[in-house]
Amino acid sequence: MKVEKMTIVYHEPIARNIYQLILGGTLVQEMNEAGQFVHVKVGERTDPLLRRPLSLCDINKEASECTIIYRKEGAGTALLSEKKKGEVIDVLGPLGNGFPLEAVQAGQRALLVGGGIGVPPLYELAKQLVKKGVTVTSILGFQTQDVIFYEREFASLGEIYIATADGSYGTKGFVTDVIGGRGLSFDVLYACGPKPMLKALEQKFPDKEVYLSLEERMGCGIGACFACVCRVPNNETAYKKVCSDGPVFKVGEVVL
Amino acid sequence: MKVEKMTIVYHEPIARNIYQLILGGTLVQEMNEAGQFVHVKVGERTDPLLRRPLSLCDINKEASECTIIYRKEGAGTALLSEKKKGEVIDVLGPLGNGFPLEAVQAGQRALLVGGGIGVPPLYELAKQLVKKGVTVTSILGFQTQDVIFYEREFASLGEIYIATADGSYGTKGFVTDVIGGRGLSFDVLYACGPKPMLKALEQKFPDKEVYLSLEERMGCGIGACFACVCRVPNNETAYKKVCSDGPVFKVGEVVL
Amino acid sequence: MSRLAVELPGLSLKNPVMPASGCFGFGREYAKLYDLSQLGAIMIKATTREPRFGNPTPRVAETPSGMLNAIGLQNPGLEKVIEEELSWLAQYDVPIIANIAGSTMEDYVEVAKRISQAPNVHALELNISCPNVKKGGIAFGTVPEVAAELTRLVKQVSAVPVYVKLSPNVTNIVEMAKAIEAAGADGLTMINTLLGMRIDIKTAEPILANRTGGLSGPAIKPIAIRMIYEVSQAVSIPIIGMGGIATAEDALEFFYAGASAVAIGTANFVDPFVCPTIVAELPALLDELGFDHISQCIGRSWNKGGPTVYCGT
Amino acid sequence: MSRLAVELPGLSLKNPVMPASGCFGFGREYAKLYDLSQLGAIMIKATTREPRFGNPTPRVAETPSGMLNAIGLQNPGLEKVIEEELSWLAQYDVPIIANIAGSTMEDYVEVAKRISQAPNVHALELNISCPNVKKGGIAFGTVPEVAAELTRLVKQVSAVPVYVKLSPNVTNIVEMAKAIEAAGADGLTMINTLLGMRIDIKTAEPILANRTGGLSGPAIKPIAIRMIYEVSQAVSIPIIGMGGIATAEDALEFFYAGASAVAIGTANFVDPFVCPTIVAELPALLDELGFDHISQCIGRSWNKGGPTVYCGT
Ligand SMILES: Cc1cc2nc3c(=O)[nH]c(=O)nc-3n(C[C@H](O)[C@H](O)[C@H](O)COP(=O)(O)OP(=O)(O)OC[C@H]3O[C@@H](n4cnc5c(N)ncnc54)[C@H](O)[C@@H]3O)c2cc1C
Ligand SMILES: Cc1cc2nc3c(=O)[nH]c(=O)nc-3n(C[C@H](O)[C@H](O)[C@H](O)COP(=O)(O)OP(=O)(O)OC[C@H]3O[C@@H](n4cnc5c(N)ncnc54)[C@H](O)[C@@H]3O)c2cc1C
Ligand SMILES: Cc1cc2nc3c(=O)[nH]c(=O)nc-3n(C[C@H](O)[C@H](O)[C@H](O)COP(=O)(O)O)c2cc1C
Ligand SMILES: Cc1cc2nc3c(=O)[nH]c(=O)nc-3n(C[C@H](O)[C@H](O)[C@H](O)COP(=O)(O)O)c2cc1C
Ligand code: FES
Ligand code: FES
Chain Y
1 MKVEKMTIVY
11 HEPIARNIYQ
21 LILGGTLVQE
31 MNEAGQFVHV
41 KVGERTDPLL
51 RRPLSLCDIN
61 KEASECTIIY
71 RKEGAGTALL
81 SEKKKGEVID
91 VLGPLGNGFP
101 LEAVQAGQRA
111 LLVGGGIGVP
121 PLYELAKQLV
131 KKGVTVTSIL
141 GFQTQDVIFY
151 EREFASLGEI
161 YIATADGSYG
171 TKGFVTDVIG
181 GRGLSFDVLY
191 ACGPKPMLKA
201 LEQKFPDKEV
211 YLSLEERMGC
221 GIGACFACVC
231 RVPNNETAYK
241 KVCSDGPVFK
251 VGEVVL
Chain L
1 MKVEKMTIVY
11 HEPIARNIYQ
21 LILGGTLVQE
31 MNEAGQFVHV
41 KVGERTDPLL
51 RRPLSLCDIN
61 KEASECTIIY
71 RKEGAGTALL
81 SEKKKGEVID
91 VLGPLGNGFP
101 LEAVQAGQRA
111 LLVGGGIGVP
121 PLYELAKQLV
131 KKGVTVTSIL
141 GFQTQDVIFY
151 EREFASLGEI
161 YIATADGSYG
171 TKGFVTDVIG
181 GRGLSFDVLY
191 ACGPKPMLKA
201 LEQKFPDKEV
211 YLSLEERMGC
221 GIGACFACVC
231 RVPNNETAYK
241 KVCSDGPVFK
251 VGEVVL
Chain E
1 MSRLAVELPG
11 LSLKNPVMPA
21 SGCFGFGREY
31 AKLYDLSQLG
41 AIMIKATTRE
51 PRFGNPTPRV
61 AETPSGMLNA
71 IGLQNPGLEK
81 VIEEELSWLA
91 QYDVPIIANI
101 AGSTMEDYVE
111 VAKRISQAPN
121 VHALELNISC
131 PNVKKGGIAF
141 GTVPEVAAEL
151 TRLVKQVSAV
161 PVYVKLSPNV
171 TNIVEMAKAI
181 EAAGADGLTM
191 INTLLGMRID
201 IKTAEPILAN
211 RTGGLSGPAI
221 KPIAIRMIYE
231 VSQAVSIPII
241 GMGGIATAED
251 ALEFFYAGAS
261 AVAIGTANFV
271 DPFVCPTIVA
281 ELPALLDELG
291 FDHISQCIGR
301 SWNKGGPTVY
311 CGT
Chain A
1 MSRLAVELPG
11 LSLKNPVMPA
21 SGCFGFGREY
31 AKLYDLSQLG
41 AIMIKATTRE
51 PRFGNPTPRV
61 AETPSGMLNA
71 IGLQNPGLEK
81 VIEEELSWLA
91 QYDVPIIANI
101 AGSTMEDYVE
111 VAKRISQAPN
121 VHALELNISC
131 PNVKKGGIAF
141 GTVPEVAAEL
151 TRLVKQVSAV
161 PVYVKLSPNV
171 TNIVEMAKAI
181 EAAGADGLTM
191 INTLLGMRID
201 IKTAEPILAN
211 RTGGLSGPAI
221 KPIAIRMIYE
231 VSQAVSIPII
241 GMGGIATAED
251 ALEFFYAGAS
261 AVAIGTANFV
271 DPFVCPTIVA
281 ELPALLDELG
291 FDHISQCIGR
301 SWNKGGPTVY
311 CGT
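Protein chains in written order, with full-length UniProt numbering: chain Y, 1 to 256; chain L, 1 to 256; chain E, 1 to 313; chain A, 1 to 313.
Some clues are possibly wrong.
[Claimed, not checked] So these bits of chain E aren't anywhere near chain Y, every CB distance computed over 10 Å:
id	residue
1	GLU7
2	ARG49
3	THR57
4	SER65
5	ILE82
6	ASP93
7	ASP107
8	VAL109
9	LYS178
10	ALA183
11	ARG211
[To be verified] Only pairs whose alpha carbons sit at most 30 Å apart, straight line, appear in this in silico DSS-like list of lysine-lysine:
id	chain 1	residue 1	chain 2	residue 2
12	E	LYS202	L	LYS83
13	L	LYS240	E	LYS155
14	L	LYS240	Y	LYS84
15	A	LYS32	Y	LYS2
16	L	LYS131	L	LYS2
17	Y	LYS85	L	LYS84
Derived by calculation from the structure, the hints in this document are not laboratory data.
If you're wondering where the values come from, they're calculated on a predicted model, not measured in any experiment.
All C-beta atoms, glycine included, are put in the ideal place defined by N, C-alpha and C.
With the rest of the complex left out, here is chain Y (with noise of 0.2 Å):
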């Protein structure tokens, strides 16, 4: 964990509001976990105040380079949106506990869920199961066809599916309907995404080893301010901390 001013590589929109920043610095050397998430200071003054979380997509330690996928949603990333190449960000990280890799073992099965803008930490995690021997299925949800990204980059390590809310792409429906409808079969699921997909993924499969991502409103990003807290079942004052505990918890870990 340190504070570095990185410097922009490249910085594009890749689909409807939503933009692929390539960052470039020695930070990258300390960054290992898929899952892993930076906090980016979007201001250059105190407006606005608060850094951004965004999650590691892409980990490239021998070009010393890291990629970020997010969402143009509010001020900060409006912000964000407008760095040009060339510019330097302030970048906090890498922060947080990412996917386990270790859950899984070569020649397994593992089944990548996302949705939305929670897809981004998934394929940095997909390339490192590849690389350990890990069959990879990627299950990607969008809202509409214009906000799909990424898609080539899934289908070169594994098989991926698509499903859109609207149907305008793949199924048409939530992530969920696709495992159910194609009866996909897995020794362990990662996801990112929507609160609502968690619990439906959580519900759907209690039996089995399930690891999920969480997003949280955050002050500090490292564990110190108690903002981004989440209860543990069956104890009234215990907690853990997205940041800094988090973001990715095994399932019945922490209360969703």
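Since chain Y is already given, all that's left is putting chains L, E and A with the ligands on it; use the hints.
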């Protein structure tokens, strides 16, 4: 008076912490008087919040460009100094009333006295006076040699004297020392600079035709907020607004 | 009827957007930029019985996302405001809310009586909360009994509905609001500025000649929202909300909190067209969010049932 | 002696810069980034008698130049704080200021008695002003008599000097400060957060699950400066100032206003190195301005004569 996004055509430092900024846009067609200013938004969001008043230094209607020279001082001008050629800046202007050209006739002699960052508006004034056939003598005061700018530009329009507070260039001392020392005569005096300089000129030439450009912290810049008022002699409640009645006043019109 | 029209005591507003007092003078400067008839109303600069010069300069200082001002109620005085400013404003199809101030209750009563008779003055706004005036000012805005008494006295003489402008510099804003409502106020406007200060690093002197000043702008928006949220649930008179509004989204947040109309102050300095821009942008925002009429937004953060305070139909 | 050293009741500080309570946890996270012994002191997260989970999420929301929080005093409880956190912190050469909170006076007394005996706790900070706790919290921070009574009770049992943290959500901060001084407090810390709110445009719901929250960050700096300026002239106990500090210049503004040390909260989230950075930058700033010692800056905006409150020599 309009709001326009003007494009940065040129933006470089020309002395220590002194920047020359050339802006292009149709707003230039509305700019007429030397001594008028523009109110510039330097931040993208709400910090810094207020616009910055900056004088017109050169109005080039043919090219639809105007020049501003400013000193990097606090947060706002620091941000401004980072803007690059090609970027756009939100400009409100032209504002205020400039130096009266009609106060001097062709063949007469005008003395232009500028202090530090009060020098820029005198350049457009010098150009307009010369064009009218007025003989221009410029006396420019700076702190030190390394913050001197536009010496050559003024020199091309008439006689020029430079004073520096530390004596590192030209006459050591203040502009008033130059006027006194050289016994310079004139029909009309125009000045812009720090308040002590303006006060000294007011006292030195009680019977002369003198025009002074004032500075005051501003809110609106257009006369609506009463932030920038100054008192009128011998009246308890009368006032003038620097932004809309000034910034140029005839000596004696307002209390310095 | 227009989807932006709202009906408040004394004020049939074609839209609920108006410049806040002190940030728009008497409209002359902005009239050079756009037609003032586009505005829902205009809150004119605080008027006192006699002309006032106000405080020495510097009168403004910048702060993160905000500014401090210590203008000190500079104005040309009651007579000139009526004769020169209000009569000039009469050319526009826009109701005027006259902001009035004073050092004594008699001052307020006198100004209220006279100015409320001007034909285009549709409401008064009692500025009981100006933090920049030494004498009396503070008690009017911070002691409920004093504020209530002042409200009563002004109500007795005013020819138009009376709105009272609340100071945020109090422990219990709800208590103030209730006392003022009970005293007969027709509406509330809130919030005025928060008392603040800045010190120059080089000189160690306060930047404002008056030392302290009133904090306005986006920085105070969350405080304004919270106070309007609390007060709107505790009173049944309408609220004109203000404090840091700069966009149509900001304005909507104030409606959700419980305001029935909004006023814009500091943002006029940043973007002189901000008021007509917000008026122009609100309909599209209502469309996007699925509202037919702005009144459906009023108090929606605490009452999903729809308008409970005031609406435009 | 170092030009940054200051001497406050119970606290011999090598420098006057410390993280503010609640913004630094118990230091574990920041210890991964730098040596905590660089800090003047550490104000640890509010500790209560029993463990608390705090409020539901979302607990933070961003505002212009600020943020709202409604953490709700989450902490592992007195026992664990003493056994696990304070003992862990003992490895660093840095005095701890223990921020304590409760729902009843007995809660405070109990926590004060126990925690003040921890060897590295050099002072207590009574959090009487947390806006995010429903029960009791508000009266402690807004009614002078209640605050004074609480101060007296805690003073009776505390083994170390007691600082009381003032809420800015009051009409008269000077009155509060004086009542607390008279009740025997050794120092004041100010300001806590201002009560605020934000509403989501799309849902019309407050963004915070707790609806309202405390506003912190640069947005509140001018309010903090004004309050410290007022209070430091009215009391003779020292003030640890906080509210929006993010740079050495900001810190200096607080000294000029009348603070004898400063604490940094929200800025830690923006720049986790902000505290050591300010410590490192202060000497150059003193040089630039011609001061030998930080104590020469204390209260300078109202007393050019130099240090009148507390100094480090
Ligand atoms: C661990 C983690 C990883 C994430 N990874 C990605 C990613 O790879 N790509 C991506 O597009 N988005 C990601 N997000 C969501 C992303 O952080 C938000 O979309 C972003 O912060 C919104 O900022 P804004 O300026 O657009 O919105 P604003 O509305 O201006 O944000 C205001 C405040 O709310 C916070 N906020 C708003 N929405 C969210 C949210 N959904 N989650 C957390 N905080 C929020 C912001 O951080 C900021 O503090 C991630 C979130 C978390 C917690
Ligand atoms: C009519 C007029 C014309 C001017 N023309 C020029 C010019 O051509 N070139 C130039 O370099 N400077 C000029 N100035 C001064 C210039 O406006 C300030 O230097 C600038 O506003 C400082 O902003 P900042 O962000 O650097 O400082 P900050 O300290 O961040 O400013 C904080 C606030 O104080 C105001 N402020 C600070 N110093 C001054 C000042 N001296 N005058 C007015 N407001 C101030 C700022 O506008 C801002 O609102 C002019 C001022 C006026 C009133
Ligand atoms: C420069 C200035 C002058 C003001 N003058 C007055 C005034 O005369 N009367 C009044 O009631 N409020 C006055 N106010 C307060 C505003 O009307 C408004 O309540 C406050 O600024 C909050 O709104 P804003 O954040 O949109 O500016 C003034 C505010 C500013 C910034
Ligand atoms: C996330 C967060 C948690 C806080 N928790 C506490 C707390 O537990 N006890 C306390 O006295 N103050 C708490 N505060 C208030 C800060 O200590 C500080 O007084 C306030 O935030 C103003 O300083 P700042 O603007 O530098 O943050 C908290 C503030 C924040 C932002
Ligand atoms: S964001 Fe601060 S603890 Fe997680
Ligand atoms: S700056 Fe507003 S009146 Fe001059």
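Exercise. Checked against the structure, which of the hints given earlier come out wrong?
Worked result: The structure breaks hints 4, 13 and 14; every other hint is satisfied.
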